[in-house]
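Peer 1: Sequence:
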Amino acid sequence: MLWNIISWTVFGLIAGAIARLLVPGRQSIGWIMTILLGIIGSFVGGFLFSLLPFGSEPGFHPANLIGSVIGAVVVLLIYISVTKKA
Numbered sequence: 396m397l398w399n400i401i402s403w404t405v406f407g408l409i410a411g412a413i414a415r416l417l418v419p420g421r422q423s424i425g426w427i428m429t430i431l432l433g434i435i436g437s438f439v440g441g442f443l444f445s446l447l448p449f450g451s452e453p454g455f456h457p458a459n460l461i462g463s464v465i466g467a468v469v470v471l472l473i474y475i476s477v478t479k480k481a
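The sequence shown begins at 396 in my numbering and counts up one residue at a time.
In short, the hints are calculated from the structure, not lab data. Every value quoted in this text rests on a predicted model; they were computed, and no experiment measured them. Just to be clear, a hint being listed does not mean it is correct.
What the hints assert, rightly or not - Computed Cβ-Cβ distance ranges for the label pairs, DEER-style: (1) Trp398 - Ala458: 33 to 43 angstroms; (2) Gly441 - Leu417: 14 to 24 angstroms; (3) Val469 - Arg421: 16 to 26 angstroms.
Backbone N, C-alpha and C define an ideal beta-carbon position, used for all residues, glycine too.
Generate coordinates for the entire structure from the input sequences, incorporating the hints supplied.
Peer 2: Right, here's the structure in full:
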């Protein structure tokens, strides 16, 4: 149980950090928001990949990391558009 929490946190941090590097501009979010961004992005990316014919494989697979980063980028762009000052 503890190992799962640690692995989700590390995986979320990696996916969120990569997403923040890919999205241009400055995002004023901290490490905890980056981790949450990556974790939520993993769910979004997993959902998007499940719609594709090849699906997603369980466990750690490079395609899962790519899907997580894509999902995190989508979530980050939504977050930026929602919190953007008019």
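Peer 1: Has the hinted range 16 to 26 angstroms been met by the Cβ atoms of Val469 and Arg421?
Peer 2: holds, 19 angstroms
Peer 1: Are Gly441 and Leu417 spaced within 14 to 24 angstroms by their CB atoms?
Peer 2: The hinted range 14 to 24 angstroms holds for Gly441 and Leu417, with Cβ atoms some 18 angstroms apart.
Peer 1: Please test the hint of 33 to 43 angstroms on the beta carbon pair from Trp398 and Ala458.
Peer 2: violated, 22 angstroms
In this structure, the one hint that does not hold is number 1.
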